[in-house]
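Now for the letters of each chain:
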Amino acid sequence: MAALRTVDEHEAQVAAVMRRLAVVWTSFEARLEATPLIRKLNRGRFELGDYHAFLIQLRQQVKDGALWMSRAASNVGEAHLELRSALMRHAVVEHRDFRLLEADFVASGGELALIQAGEKNIGSEALSGWMFNEASQPNPFGLLGAMFIIEGLGSIKATDWGERVRDRLGLRPEAVRFLLYHGENDSGHIQEFETMLRMVLPSDLVSRRIVRCAEVVARLYALQIEEVTA
Amino acid sequence: MSDWVAPKERVTHATRNGGANGAPVYITGTGAFLPGEPVGNDRMEDFIGRMPNGCSALGRRALRWNGIEGRHYALNPDGTWRYSNASMCAEAVRRALDAAGLCVTDLKCLSAATTQGDLLVPGHASAVHGELGAGPLEVASFQSVCASSLMAAKYAWMSVRSGEATCAAAVAGEFSSRWFRPAFYENTAHVDERGRLAMAADFLRFTLSDGAGAVVMEPQARVDGPSLRLEWIDLTSLAGQFDPCMWAGATASSRVDVDGGWARLGPAASFANGALALQQDFSLLKSVIRAWVGVYLEKVESGRIDPTAVDHLLCHYSARSLRDEIVGLLEATDAMIPQDRWFTTLAESGNVGSASIWIMLDKLVRSGRLHPGDKVLCIVPESGRAMVGFMMLEAVEQL
Chain A
60 MAALRTVDEH EAQVAAVMRR LAVVWTSFEA RLEATPLIRK LNRGRFELGD
110 YHAFLIQLRQ QVKDGALWMS RAASNVGEAH LELRSALMRH AVVEHRDFRL
160 LEADFVASGG ELALIQAGEK NIGSEALSGW MFNEASQPNP FGLLGAMFII
210 EGLGSIKATD WGERVRDRLG LRPEAVRFLL YHGENDSGHI QEFETMLRMV
260 LPSDLVSRRI VRCAEVVARL YALQIEEVTA
Chain B
639 MSDWVAPKER VTHATRNGGA NGAPVYITGT GAFLPGEPVG NDRMEDFIGR
689 MPNGCSALGR RALRWNGIEG RHYALNPDGT WRYSNASMCA EAVRRALDAA
739 GLCVTDLKCL SAATTQGDLL VPGHASAVHG ELGAGPLEVA SFQSVCASSL
789 MAAKYAWMSV RSGEATCAAA VAGEFSSRWF RPAFYENTAH VDERGRLAMA
839 ADFLRFTLSD GAGAVVMEPQ ARVDGPSLRL EWIDLTSLAG QFDPCMWAGA
889 TASSRVDVDG GWARLGPAAS FANGALALQQ DFSLLKSVIR AWVGVYLEKV
939 ESGRIDPTAV DHLLCHYSAR SLRDEIVGLL EATDAMIPQD RWFTTLAESG
989 NVGSASIWIM LDKLVRSGRL HPGDKVLCIV PESGRAMVGF MMLEAVEQL
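Heads up: the protein sequence lines correspond to chains A and B, in order.
Under this note's numbering, the residues of the first sequence are numbered 60 to 289, in order.
Under this note's numbering, the residues of the second sequence are numbered 639 to 1037, in order.
Since the hints were derived computationally from the structure, they do not count as laboratory data.
Be a bit skeptical, because a hint or two may be false.
Covered stretches of chain B (in silico footprint by chain A; criterion: 3 or more residues with CB under 8 Å from a CB of chain A, positions within the stretch not fixed) [said to hold, decoys possible]:
1) 742–751
2) 756–767
Residues from chain A that face chain B, not an exhaustive set, calculated with beta carbons under 10 Å [to be verified]:
3) E70
4) A71
5) R78
6) A81
7) V82
8) S86
9) E92
10) A93
11) I215
12) R236
13) E253
Keeping only pairs whose Cα atoms sit at most 16 Å apart, straight-line, the calculated EDC-like set for lysine to aspartate or glutamate is [said to hold, decoys possible]:
14) A:K122 / A:E184
15) A:K179 / A:E286
16) A:K216 / B:E963
17) A:K99 / A:E285
18) A:K99 / B:D895
19) B:K746 / B:E802
20) B:K1013 / B:D944
21) B:K924 / A:D219
22) B:K924 / A:E222
23) A:K122 / A:E161
24) B:K924 / B:D881
25) B:K1013 / B:D978
26) A:K99 / B:D881
27) B:K1013 / B:E986
28) A:K99 / B:D944
29) A:K179 / A:E285
30) B:K1013 / B:E1032
31) A:K122 / A:E178
Here the structure is a predicted model, which means the values were calculated and not measured.
Ideal Cβ placement from N, Cα and C applies to all residues, glycine included.
Isolated chain B, as found in the complex (with noise of 0.2 Å):
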């Protein structure tokens, strides 16, 4: 094929295992914050409140698909904040600093990644750093969907790994409840007049829920525990193709317009058209998906992942959500990884955005199930505009 074919590999091998290229990086700590007490699925809308006519038959459907029981909000049932985005991702960094035998002063760069900060400006970091109240540190923001965990991840890695850092944390947090509310939705275009919610803003409502993870990184292994040797993250955007597929901002007819972001009309005109709610386009979706596992299977192809070697998967994507048409790709091509590898909180603690990927691991790494040569493949799955994220990790013989 002539001109561009896929989103080769641009592996270079140097980086890999821990090569040449610079210090081994470990994962010497993880930490996890979920707001409040679990929330089943029948009292959701204790916390996100009721639209005028009631459940959404919507909803139940997209709770059955996506196998989610439970999750946490950090709203109380009255609308009333019990945390910010910002002070849940502080508790997160400080339970994984301690997990790792550290405290604040010896971090020395923080990475932080959210679909939707608390302000608008400044960054998601500063704000963190801010809760945290250490002292001078660097920190880097990084705002995307779920992804945007792994971009603060490959951010704190490289820093380590170049010895620009020797503590470094990546955090991740999501506080979307707070849209969800029906006042973000009432008098909007997204509610026809029998008072029922547009498909496209009730599935994520019934979805989504909040919380922080973190992890902290540093150029040597615990003495007295366990650490995970990070090996590799790739990220590939396929935007170059792709409209957005999951996005708040615009209209779904001005998404992609050089004057359609919400700005362009003003606040309010743009939010009663609906541009401020956070939008997912489902036919879009079905190819998304499977430019996911495209990636995915380049990455089987060259090489640079070897499914059978895989010990325990984490993708806050379920199984059971994956089509019948995908699993049966993925086992004719020989690169599916047995479900009985796949570990996974969704069903417990929900669908939270760019944090899911690090309540996982931290959850896998509390579990006991972790040995010593254990290859952990962490994938992180973003339908904001077609990306996908993949981690290496593996678990280190305690000295």
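For reference, chain A alone in the conformation it holds in the complex (with noise of 0.2 Å):
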């Protein structure tokens, strides 16, 4: 059917994935605000041992993250060759991202076995297994979605809740790189994600996959971080 729309629908489309996703967006980031660890960030009450315990879980769902990208990549039929360079590209640059989160948890007083031998939570263990599971489909676009509630993470609240665990918890940058870095690397990221959903749209089906894949990323993250307990 894609032969038979016109440019302005297929960006027509691109704009309504776009303000869905953005809806999903904000009662993700809604329903954080009322989780107990932000809400110890927000109320001065954020101690060394949740800055750890976070650190645990964030590197659990950051190490699986390159590997479900990947995943996804090699799940990417030939037709969407740019896409699959793509994913491949953002796998490569965010695999060694985990090590950074070890640096920042042996900088802010942890031990490295410690870190290294955390367990998933079970909003982790939902969100890791749903991830590989949507990986394996074929032609797996919904992750776009999945993508967006992930990405805007790093842009929209790393930073910012990288300062306040700095001031609240008096450490160097050194021990707040992950979160202080990402936000600096990510900006420009909604024309880049637009730029890939241009890619697998218009598609009635493909704009609903990546709308729900985003609210099940949404709630599983969220659930991960209801679940970090120091």
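With the hints as a guide, dock the two chains, each given alone in a separate frame, to form the complex.
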């Protein structure tokens, strides 16, 4: 059906998907505000143990992130090689990031062995399991919705959280590099994301799946944060 | 998603566009009252006073960010008052009634809003009624921050719509400058050892000013002048998820505690620890702004708001202070209302809290820019505890 659509219709569907994703994002952000961990940060009650517990869960999710992205790339068909390239580049850029989390953990007084032996909490288990399942489907374009949520955390929340953690706990910037560094690197992600959307749209089926994946990931990610306990 | 997803639309479509559930309601008169002469940025501290270490760098930044160039104060330079909040509101109501061709005796219902009234008790509407001096009236008081204006408007709208009142006024007023005098900060935790005022308080000191605005609603349009049909008012609070973002009556660390309110420690101790001052949490504000945008996008998504059909957007948050990322998001989602349709008086009248929306509407009505059939969307964001209100109006043809 793509051939029958005009350029305007194509752009309108990209904008409509962006709008639905933005609504999912803002309700996700509001849900995060109500989690015990972020409430502690807002209310001046965030302790070093909370930061360490947060880093341990982030490590699980960041480590798996590059892996499911690689798996997703391997399931993208020949008709979408450009998207496959984008996913592979993305995975390469991020697949060592969990080492940075380990370094932050150590620089803030934690033991390396402790974060490396950390276990996924219930939310992390659910998120990871679901992501690998979705990435294993043929042409798993819905994962663009997952990327919108996870990249949004990097570009919108990470720096703000990092600054507050640093100020609240009196940490050196070297101990909060992952959070501070992500914000710097992810500016302009809306445009990049729109470019990827254009590669897989127009398609009513794909646009529904992208929004659904964003909803699932937003819920499971929030569950992961809800389950972070020092 | 499972349980709670988002502030989903609870649109009762029967109430849209003057549907079957009640009479159409028209705004037949608007009025604004701005006290004293306009005060430029260079003279603000002649009225709100000077903190011991001189002018505030943050205050200047706040002005650049807001784009406010002038405002009005109900204070005299010596700190005495020219008006009370209630007397400014009463004057705005008289002007709105006059614009509608009515007088105080026609009024059946008075719905009043403010952030902080003149007295702690009783309600603001009683004080405004007292100043108006009319006979027996139904009154309703709404206290919040900016969005209290639309709470009061919704009460007036529903009163006329249901046939309870044939003429209702919604009024909102602020006299915040009186809390910004140095005596409210000196010897409190908001001033450091070098005499500098904390950012949480200083920003609002240089942002808010005084005035009042009102509208009169009736079940029929005027025969001899412009009217606006009030189609709907939607208010969405996200307080269940967000902590207070702009507040007075507690310190930042005790603002959500069950025993955190100022009365727990008593007035003297609460004054000293800074609980009584109006404060803003800036890092939370960034999230709250995105939450407002989310509620707006949901209304676009559900069809409640069609951005292409809006001829005039009134929002007391200036387009220029919205960060590029928000404007970029609105454009990427086909939800941006072009900036040439934004109508504001923020630059010359200042940010008058709850009164701002009526001051802007009054100016729009009197500007001659409104044409029959024009859609006017009013957006009233309130950082208080993450709330946002929307009101849709349509200019109607004069008969």
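Which earlier hints can't be squared with this structure? 1, 2, 12, 27 and 28
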